[in-house]
Structures are given as C-alpha cells and as structure tokens.
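Listed in order, the protein sequences are those of chains A and B.
Quick note: the first sequence uses this note's numbering, first residue 162, plus one each step.
Quick note: the second sequence uses this note's numbering, first residue 150, plus one each step.
Careful, some of the hints might be misleading.
Here chain A is said to cover these stretches of chain B; the calculated rule only asks that three of the stretch's residues, wherever they fall, bring their Cβ under 8 Å from a Cβ of chain A [to be verified]: (1) 252-259; (2) 323-332.
Residues from chain B shown here face chain A by an in silico Cβ test under 7 Å; the list is partial [as the list claims (entries may be wrong)]: (3) Leu195; (4) Gly335; (5) Pro340; (6) Gly341; (7) Ser436.
Taking beta-carbon pairs under 10 Å as the criterion, some of the chain B residues facing chain A (in silico) [said to hold, decoys possible]: (8) Lys197; (9) Ala199; (10) Glu201; (11) Val205; (12) Arg206; (13) Ile262; (14) Arg266; (15) Glu435; (16) Phe438; (17) Ala446; (18) Phe448; (19) Arg453.
In case anyone wonders, no lab produced these hints; they're calculated from the structure.
All C-beta atoms in this analysis are idealised placements derived from N, C-alpha and C, irrespective of residue type, glycine included.
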Amino acid sequence: MNKKILYVIALIALVISACGGGGGTAPAGEEPSGQEGSGGTPSIVRIGWAGSPDTLNPGMAVLSESYTIFELVYDSMYELNMDGTFTLTLAESATVSDDRLVWTFKIRDGITFHDGQPLTAKDVAFSYNLYQSTEDYPWMGGYTSYFESVEATDANEVVITLTEAIPNIESQLVFLYVLPEHIWGSESAVEFDNVSMIGSGPFKMVEYAQSEFVHLAANKDHFLTPPNVDEAIFQTFENNDALVQAIKTGQVDMIMEMPATAVATLESEEAVEVFVGAPLSPTVTDIIFNQVLPENCPEGDGICTGHPALLDRNVRLALAHATDKQKIIDIIYLGNASPGLTLIPDGLGVWYNSSLADYEFDLAKAAQILDDNGYVDADGDGIRDMPDGSRSLTFRVNWPSDSVDGPRLAELLSEMWGALGIKTELQSMDPDALTAVCCPAFDFDVMLWGWGSDPDPNLLLSVMTSAEITTGSSETGYSNTEYDELYAQQAVEPDFEKRKELVWKMQEMVHDDVVYIIPYYDPNIQAYRSDRFTGWITGQPKLELSDPSSLTIIEPVK
Amino acid sequence: MDRFQNLLRRIGWAVLTIAFVIVLNFFLFRILPGDPARAGVHDPRLKKDAVEAIRVRFGLDKPVINCFDSLNPIKVGNCGVNPLDTQFFIYVKNLFIGEMGFSYHTNRPVTDILVERLWNTVLLIGAGQILSVIIGVLFGILAAWKARTSIDYSALTISLLVWSLPTFWLGIILLFWGSANGFPIGGKATPGMSSMPLSVRWGDIAQHMILPTITYTLVYMGEYMLIMRSSLLDVLSEDYILTAKAKGLSVFQILRDHALKNAMLPLVTVIAINLGFTVAGAIQIESVFSWPGLGGAIFEAVNRRDFPVLQGAFLLIAVAVIAANLIADLTYTYLDPRVKME
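Just chain B, same shape as in the assembly:
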C-alpha cells in the first residue's frame, strides 16, 4: 500500500512537470523576437494584407494572455480582453483535445508531422541505442573482469577515443567511406520504391540505416563501456564476490548471479536518460545522413519560427524524458529492492 502511494506520488509529480512544460513552452517561443507570419520572408511581393490574413488564420491576431487585473499588479498581458479568447487559453484547450495546430511553414497538422518523424527517429536511434548498450556493456564486463591487462587497456582506449570523437566529424568520415563503398548516404529509403514488396522496402531501409547506426553506436558505446567497467570493478572488489569465487563458481555464474545486477544500477540511469532524449533525435547524425527524424524537424522549425511544431516537439521530448526517468526509478526498485521510493 505504501509502495502504491509512492508510485502515485511519483506519477503526480511527473504530470505536474509536464503541465509546467506546457506553460513554459508557450511563453518560451513567444518571447523570441520575430514575427511568425513573416517567418523571415523579406520580399516586396509579400503584401500587408497577406501577412494580416496569415495572422488571422493562425490566431496570431488574438491577445497572447489576459492580464488578470485583480491578481497581477504589474499588469503583464492585455487587460480587458476575454480570457477565453487569448492565444494561451486556445493553446491549452486544444492540447486537451489532442490538437496541436497546424505548422506555419508546411501548413500540415503538427500531429501528422511529429508522428511521421518520431517513427523514423525511434527506428534509427532505437537501433543505435540497443547496439551501443549491448556492445558497451559487453566490453565493459570484459574490461572489468580482465582489469589491468592489455584487453582492459585496449577496450579503455577505444572507448575513450570513440566517446570523444565529435559526432558530425565521425559521421562525415563514415559518409565519405560509405559512399565510396556503395552504401546509401541520404534519407531513409531509396525514393520510388513504394510499389516494391514489403521485404524489399525493409531491406532498403536497413541499408540506409547502416551508416547512421554505426555512427550512433560508436559514439554512445564508449560511454556505456566506461560506466559498466567502473561500476563492475567496484562490485568485483566486494567480499561476497571473493566468497563466490571461493565457492568455486564459474565466471559466468559470478557475473550473472552476484555482480551484474548490482553493477547495472548506474548504467540504468544513464540509459534511461539517453532513451528519453532519443526522442529528440540526434540532430547531428540526422543532418549528416539526411535522416528525416525529429531532430531535423526541430532544427527546421527553429529556423522558420514554426511555433506549433516546436511546441509539439518540445512537449513530446519532455514527456519522453519524464517517462523514461519514471521507468528508471521503477526499474531501480526491481534491480535493488533496498532502494525505496522516497
């Protein structure tokens, strides 16, 4: 019962955080300079009437917030307007009914754009995460078990090296290498294959994923390896490991039954945080390999003052990060029952 209440409290905090993000998101983009109705377009053909019509269509002609006369001594916002007819209220109301509005730039529903891009990002970054976790953890285990041998030192050197490589640089190098070796270097699929059978299309997507996935895996596996190694080293120096060894257990048994569960704790935190940010995509990798993911969408939206897309994307990222952290907390209690949810 205590545990259940704690869980509820956690979820409550998560919901509150999301509510805060919703409010912050709205004001964050509106204190930026610039007029989304013009979106940086400077052209004599863009008539005042057209700008005005665009403003009305996106509700930008409405007051941003009501000033709430009685509550607000400094009178921020527009006073004397109907609070239900402000941009802020309409924004919150639409969110509750699942409406994120239309992109200023492409004129498409934000939900459509985000869903399309999210799927691409999850595909790419998901594959990269899984690979980097597996490889990183395995190398970490190997290095820790073989601590202070040449295996350890080489694993350590490689991990530090790949971890410190700039992502875009590694991406460009792989792009040059890959294009010379016949790998596709742009996009997520070869255009014009929509009539092909599904298996062929998936094969094509897999081929397009190779270079960006290698880039992602290389960059992240070093981090996981280093954390795994140091945390496992700590555990392996414990007395109970010595006891296990004395009992004549095999390496596999010691690692599986005694060491790994404890050593995994710090890694779970890092993986959870990284998974949360996975949703944001990897802007650098996505732009090097022209991968149509969320990172690219955010980058483009920033350039074009596309507030609805930015609001939607930021909300999505916030929810993902908060959810990932919540899951990490829950996983903690499973991995180590001593950890109580405070």
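So here's chain A without its partners, still in its complex pose:
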C-alpha cells in the first residue's frame, strides 16, 4: 500500500530530473565561449566583471563600468595609452594658437557612425556644447570648465577657444565622447537612456540587459582599430567567487577584477594568466588627517572639531613612522600593491615623483619624535597626552561602511599606532554620513578613504589647495600659500618639463608636511585564459585588459 506514495515520489523525482536534463540538452551549440574564429563561427570574447553600467547616457554615467563601455563604443578626440600618453584619434591634426587659447582640430575624413551617417566636426562641437551646457551631468562640468566656446567652422574643423591657457587639453577631451547630433539633437540630454548607443568606436552595441550583460559586436569598418574578434560580451557576476570560478572553468575568457586572495589559486591554473598593474584611472587609498586651522574653518558649514595634536606636523610625522605600509599591503593585498607616497599615484607615470624617499617604519624613532615634543603619558594611563596635559592623544578613526578594506586597515592602524601610545576609536560610517562630517564640516580626526584620479595630476593636486577648503573637496584643510602658488603655476605652464618640475615639487611639499599618509595605491588585478585569445596588452605601466587597446587586437588562439 505504501508503494503508491513511493511511486508518487519517484514520479516527481523523474519530472525534476527530466526538467534538469531538458535544460541541459536543449541549447544547441552552447559552447560557453565560441573561440573558433574561422569557418563561420564568430569569435566571441567573454568578459566577467562584478559591476554593470549605471546608464549608457555618457553625460549621466557615474560608474567606471559605464566608461569601459563608452571607450569601446565611442571615439573621443584623444585616446589614453597604457603608458599614460595620449594619441590623437578623431582628428588628424591639432594646432594651437601662440597664446595657447585657441585649439584647431582637423577631423579625419570618412569616419562614420554605426548607423552609416558621417561623423563630422558638427557632431564634435555639438557633443562638447551638450556636455558643457547640461548642468545635470555630474562629471562633464569638470572637463568643460575651461571652454570659452566650441565651434565647427566647417565640416572638418573644430575650433575650441579656452578661457585659460591650460597645458593638459588632452586629459580634458579624453572622456568627452563624440555623440551623433542626428540622434541626440532631438532627445532630452538628461532623460535619454541611449540603449541603442549609436557611436563610431571599434565596437557597436548589440544588446544591453542592465545588471546582466552588455553584448557588443565588432565595427570592422573602424577608421583606426577594427577589432580582430567578432563580438565581445561583458557578463555581470555579483560575487567574486563566481567570477573566479567562471574563469577557472572557462565560462569566461577574461575577468576584470578579483580579490587578492584569489591570485594564488588562479596562478596555479595552467591556462589562466594573472596580472597586477595600475588601473587606467588610478585610485589612491588615503589616511586623512584633519589639520584645518581654526582661522580657516569654513564659515557656516565648518564645525572643526579635529584633535589639536593633528595640527602639529611632528605628530603626523610620528604616525607616518609608526605605519608599516608593507605589512598593510601584505595583509590586505597579499603583497599585490605598491606602497604610496602622496596623492599622486605611480599609475600617473611621469607625474609621479619617484625621487621621494618615504618615511621608514621605525617605532623607536616615532616614539622619540613624540617624546621630544612633549607628547608623553602624563597621567600614566598608557596613552600619551598633549604637552599641556589638556587631553590625551585619542583619535577618532572613521571609514566608509561600503569599503571592503576599510575595517582591516583601521584595525592595523589601531594596532600600529597603539604601540606608540596613541589610542584610536574605530567606527565605520555610512558614506553619506562620512561626507557630512568630512568636508567642509571638518568634524573628524582621522578618516580612511580614497580618490580616483584623472590621467592628469591637476585634479588631485587641487584637492590640497586652500581654495578647496570651503568647497568640500579638501578633506584635510591643508593650507600652504606656497603650494597654492605652485598649483596655479602648473595649471597654466605649457612647457612639459617645467610643469613636471612644479608637480614634483608640490608632491615633495605635501610629503614633507605629512598632509596624508598613503598606505598603498590600489592595484588592478585581472586575469585571462591563455587557451582562448592571445595578444592581450600587459607589461605596460597601466593594466586594463578591457581597454580597446587590448580588445581590438586580441585574436583567437589557433
């Protein structure tokens, strides 16, 4: 009698297995990666990443994932190379007036958008003016702020008149993608979702499913770099284990990010090559000291509750000597990162002042500095006090709650500085709440945060100028008139060598003043399968396997 129930169970088990089996056999020709390029089968490079574009509207986008796609689908005036230099792409020549205020670009003949319409100087001028005039665009204002006017004087000539003789027009134009006027002219600059994404770049949009994938096809008619592969697919994996597992098992051919803990595992895989390098847009992790002077406290917004000891360069210097950067890197990145010096990362190539000697890790020296300056433990509670005994050296340390490395960095600092007799109160904060206490409020002692850098050093150098104390960009409140002057000089210095000298000098100044402690520059860790495609660009100062420089030249392995 009980058999009947067993039959039912068996039947259901059968149905389930049939469902599974049906799913397993149905998709015909479902090779995870069609790597055979010859004989009709398209060669598709599959890329795994942990994110997804926020929007395909280049003006509205905030996330770097969006920019990865823009780089492939659009062209801009300049292309950023993996060694940090720029190549003129859309224009065949660029000339500048003697006063360096008027730039004339000759757009190449015969460039077309993916829908077949020609790309002319009018489209360039239209795009630049659109970026400048649309206030809602979060980033574009920064790149177009020096434009006095942009005009298409004829079909092939764009004239940009600047308000100041800036030395770095390339880095201003590199992210200003050229959009087709015949499409964007009739759309709302802000609301247009741009899912069909007509551009002129080496890849064209096939299909986009937000948070799932971006499917691109090669634009074999591209005027400079027609890709060798036929298609490129970016697939989102929401967790790192899946990403690592996907490349291990060949479900993808390249992954754009992975945790440092996976490096050893993947390196031991025969067909997987792992690379560590500076990202295209380098990012810096910084330890921020609130050093805003009472007289500089922003009126209205400023609360300025920073610990007075942090105003003393000697205390910051002692903290620098007590910070073991190599240990931090070994623990957080398992050795796969480079120690930092100032806000200007090594990923910026020539702009990075490689001649600076860092403060060596030396606890005894750190203690000596504090002793010499009167920061001793006066009340015997194990914590050093201010020279006048008014308060102990107890610092609040905050970091954004969405930071993966923040908690570990904070714990390590607490331990290292604790050995020096300095107490830390660790607390993670919501990023918005952190912004609120940060700047221009200056309602904190120490913060662990970071910056993303432009290819040009100007942006991060500006962060440390006095002018930014009230705007909220300066997170330290550092104020040095000599530095401010050098900043203004480098911003208009046309001579490359002279400008480099100024930029290096500025780094030396902020390093001497211990404005920040930079524990490390964040690395890009990527991997590809060597049995699928060959020709990936590695061994350059920057590493970005999803950049057109790699994706247009890779070829299926024969």
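Following the hints, put chain B in place on chain A, whose structure we already have.
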C-alpha cells in the same frame, strides 16, 4: 451575506495597511542620513551646480512635508509652504496615477525596473517554492505515516540538516560543484542569445535556473517537511482515523479523504507567508548566482540611496505579503469550513 461583509472588512483592512505602508515608506528612507543627490560620490569633479541640478530634477529641493500649523503643536516639517508642493504630496499623487518616479541611480522609470526584476524573481523563487512544497509535503507525509521508523528518522535528519544550512554557504558549495560540472553559474541566461529561437532561449534559462533552484528547494523543503510531519502526526492520532482504518480503507484513501485536509492548515499559513516574501526575492541566492531579481535590486538600491526604487520595491513586497495573507485566510475557510472569518 455575513460572509460577504466579512470579506469586505478583510479587504478594507488590507487597503488600510497598504496606505500605512505607503506613508511609512516615504518617511523611512528620509530619516536615513545622507544626500541622495550625491549618493556617496565624493569627488572634486562633482560640482555644486551639478548636485543642485540633480536635486531640482528629482524634486529634492522641495520641502518634505508641510507642517500643518494648526494641527501640529510641535511644528514638524516646513511651515508656511504650499502643502501641494511638498515631496510627500507629490509622491502620493504620483502613486495614485501609477507613477513611481525615476531611479536616482540608473535614471530609468522605477516601474520598468521593478517589472523586469519581479518577473525574474517570480520565475526563480516560484520554481523553488513549488518544488520545495511538493518534496517537503511528500516527505512529511511519508515520515508521519512511517513515524518512528528508520524512514522517519532519516527524513527528519535530512530535513533538519538542510533547514539549518546557511543559504549562502549551500549556494557557494553548489556553485563550486556546478561550475566544475558544466552548469552555468551566473545570470539568468547566456548573453548573446537574443537571436536564437525561443525554445533554445528557454532551455538556456532553465539551465541557468538549476543551481539556484536546487539551493532554494533544499533550504525550504526541510521547513515544509517538518511542519507537514508534525501536523499530520497530530491528525493521525485522532479517533476518526482509527475508525477509517477499521473500515478497511487504503492508506491513500485515509490520507486523501480524512487526514490531509486537516493536516494542511498550518502548512497553508507558512506557504502563504513565504509566498508573500517570495516577491522580495532571496537576496542571498540571487547574489550568489548573480540572478537579476528584486532582492539584488533592493540591495543595490540601499547602497546607492535610490529612494524611488526602494519605495517601489517595499510597496510591492507589502502588497504581496498582505495579498498572500488574505488568500491564506480565504483558503482556510475553504479547507476547514469551521473556521469563520471573524
């Protein structure tokens, strides 16, 4: 007639609850710290003008609520503003015309995002629910009928084990196992198949569903099995079951005609509640297997201060839970006519 009035009253309460959720949703997200116009973006390139423009576009520059001077002695809100020009009024008004606004993060209509994600979630969690209910109930019946035998003990052990497994851990284990055996481990479909025939695409989706569905089924079937077993055990000890046995009815007849209907009652409650929460998705399963469902959307929206998406999603979940409970109540009266709607 009495019954009809009761039904109306139930529905009335459900509508009131939803209205309460609508109000709560609005204020819940606005007492959180942070500025959605910046959404945690800390960058010198983000100019004050741009932040201001974003604020105006999403109506964040308007006062949150009017203080209603005469009614409100503590003067919460902004006094002296036009109550029709407050964020709260605009929010409620838009809801009535079916507008949930635009996502701050992706700039897309919230309705579009939710519909897209809801469908994915219902597909995955629906399949998981059906399987776990069927398997759980069958094992429960089997264990109860074979109470205190080795079959019962093994079913009990397995159920307790899978029920107590952490979802993400089980998911990761299955992910490692599945990827080594050729199962897709991410997303709901292989990208780039939009030109394939429908049957191939559905086969592909089915293949992507295997691992997450197994995870879901394993985690939930234990709960259903345990409830089914204990409730059926209660019923089987009743005198009328003994009578049925004495009448010489088959096991199948006893279970179908006499025991199951009564034993199902507690299970219906649990299934209904779980079904309601199904809409919320299973955040852990969705993130392990990169399934583009509602759970993932909520998680992302929380991180990015995407109030419109959160408001929409929470409203959707509230409506689903309330509706599921209403249906459970109605099912009760069908399963057991003695249960009256009070």
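Right, here's what the structure says about each hint:
1. 252-259: It holds: at least three residues are needed, and the region 252-259 of chain B offers 4 whose Cβ sits within less than 8 Å of chain A.
2. 323-332: holds (count 5)
3. Leu195: Holds, about 5 Å.
4. Gly335: 5 Å, holds
5. Pro340: With Cβ-Cβ at 4 Å, under 7 Å, it holds.
6. Gly341: 5 Å, holds
7. Ser436: 5 Å, holds
8. Lys197: Nearest chain A Cβ about 7 Å off; hint holds.
9. Ala199: Because about 5 Å separates Ala199/B from the closest Cβ in chain A, which is inside the 10 Å limit, the hint holds.
10. Glu201: OK, holds: Glu201/B within 10 Å of chain A, min 8 Å.
11. Val205: 9 Å, holds
12. Arg206: 6 Å, holds
13. Ile262: 8 Å, holds
14. Arg266: 9 Å, holds
15. Glu435: This interface hint holds because 8 Å falls under the 10 Å limit.
16. Phe438: 7 Å, holds
17. Ala446: 8 Å, holds
18. Phe448: Check passed: Cβ of Phe448/B comes within 9 Å of chain A, closer than 10 Å.
19. Arg453: 8 Å, holds
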